[in-house]
Amino acid sequence: MTPARRSALFSPILAAALAFGSAPYAQTAELTPAQTPDLTPMQKAEQAFAAQDYTTARAELLELAQAGDALAQARLARLLLDGRGGPADPAGAVDWLQKSAATDNGQALVLLGQLYLYGAAGLAADPAQGVALLTRAARGDSVPAMLLLGKLYQSGQGVPQDPASAARLFQKAADAGDASAAFELSKHLSRGLGVDQDNAKALDYLTAAATAGLPEAELFLGLGYMTGQGVPLDKAAGIDWLLRASNGGNPMAQRLLATSYLQGDGVAQNLPEALRWMTAAAQAGEASAQSSLGYFYATGTGTPQDFEQAFHWYEKAADQGLLRATTALANLYETGSGVAQNLPQAGELYLEAAQSGEPRARARLAHLIVTGQIPTPPTDLSRTITWVAEPLLAADQDTGQDAADQDTEADTDRAATLAWLQARVDENNATAQSRLGLIWVQQASAGQDNALLGQGITLLTTAAKRGNAFGQYQLALLYGAGSGVPQDYVTAHTWANLAAARGLADAGRSRDLFAKLMTPDQIAQAQTQARNYVAEN
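The sequence shown runs 536 to 1072 under this note's numbering.
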């Protein structure tokens, strides 16, 4: 069992547990004093709360709480925690909650349980006590307690993870009419988490939650209809549910709806609507929507081109760690679009995205480095060399396009890249030797240039002998195929074995394939050569 921690689950459920009103309260709140001359003290408090007269509500509730009214004590605690109608008083709130909880009031048990669970209002975090209070509330048929406790068992926060217990609690809350519980139960049923998998029941509960107006359920149901997953493909129905979720304020639904309008998917293409919904999602903080909105402004899609707006939205998405947005932001700094040109800043952003695996960022960073527009990053030269060589290795593998058809920047980059790699080779860098060697081999094979082929094999052999795993593996492949060198499975096995020992999984698989083509004596010879290499190096 792990200690509970604050999470996204805390706020929405706490808000539900603190809900001041109920159906009867909502009806009372609409009445005027003239219509209800004999309001009870609780009705007066409820009416004042509805009118946002928290001072009066607080005073009425205090009188009732002092008289021992458990519901008033729980509601007063909510106002004291929020600081509405007077100064916040967390200690006083806890005192009233404890009094109310002693009578098993569900609202008090749920709120006090969460305060213990997460260590709030001056209470030290005590997950066991929090769970105990929530369990008491759930046994008393408190739907918010069932939902919260179910989420705790679902995630393993404060209790051992127990999908079956979570599903049982969600089932009970869903059957009591709670839309959020129905949605959670639908996920358990569709995935077989703690219950027998039942896609038909999952769809029933998901539809019930969506029909009740839960935006997240509307989103999931819309996605189902758009993709045909779990329901028959029906894009019109999908758009309808996405529209409902979007109107309910779900940012992901807004982004997906915007994309549908942009692409004409399930609905007639409508760029103004695409812009409207993408803007709504972006303003709600959805990172992908912010990046897409940046693209709209950068390309003039559905709106006049505006690089300053593009910069604004790309920056917001990049701040949330979205790699494609970081790369796009770097490009704006590189070109001086919407912001003053700043090549060092562009390089830093490209490097940040490249380190996280963004291929476009690696390519642009390599361009800036080899053309001398930014210095080579001071750390991990081998990694930088790999990124620099990557575009040429990929291009040389695609022999379907003649070099003469490539654009000017590509030609310039190729020449600059070869010169940059050669400089690193001249510095006796093994990584550069292996990459440039393979580039020469690929280029020579396409152009039948034996002299260049020899240079490439020499560089690969040099890198391999120095322990470069990439060079060892590439040399193994050449010997295994007899490409540019005599076919020699013993040598191929030796180099593949050495590369595999340095962590190249593909090399291990190739070694095993070579072994199937070799005699036991040849395998023993290759293994001896590999051991000798290790002993000598």
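Don't take each hint at face value.
[To be verified] With a straight-line Cα cutoff of 30 Å, these simulated BS3-like cross-link-like pairs (lysine-lysine) come out: (1) Lys1051 / Lys1000; (2) Lys736 / Lys770; (3) Lys770 / Lys722; (4) Lys736 / Lys722; (5) Lys634 / Lys579; (6) Lys707 / Lys736; (7) Lys707 / Lys722; (8) Lys634 / Lys707.
These are calculated hints, taken from the structure and not from any lab test.
Structure-based check of each hint:
1. Distance check on the hinted pair: Lys1051 and Lys1000 sit about 25 Å apart at the alpha-carbon level, within 30 Å; holds.
2. Taking the CA atoms of Lys736 and Lys770, the gap is about 22 Å. The hint holds against a cut of 30 Å.
3. A hinted pair counts as satisfied when its Cα atoms are at most 30 Å apart, and Lys770 with Lys722 qualifies at roughly 22 Å.
4. Distance check on the hinted pair: Lys736 and Lys722 sit about 10 Å apart at the alpha-carbon level, within 30 Å; holds.
5. Between Lys634 and Lys579, the direct Cα distance comes to roughly 22 Å. Compliance with the 30 Å bound is thereby established for this hinted pair.
6. Of the pairs offered as hints, the one joining Lys707 and Lys736 holds, with about 15 Å between alpha carbons and a cut-off of 30 Å not exceeded.
7. At most 30 Å may separate the alpha-carbon atoms for a hinted pair to count; Lys707 and Lys722 meet this at roughly 15 Å.
8. Annotation: proposed proximity of Lys634 to Lys707 holds, straight-line Cα distance about 28 Å (limit 30 Å).
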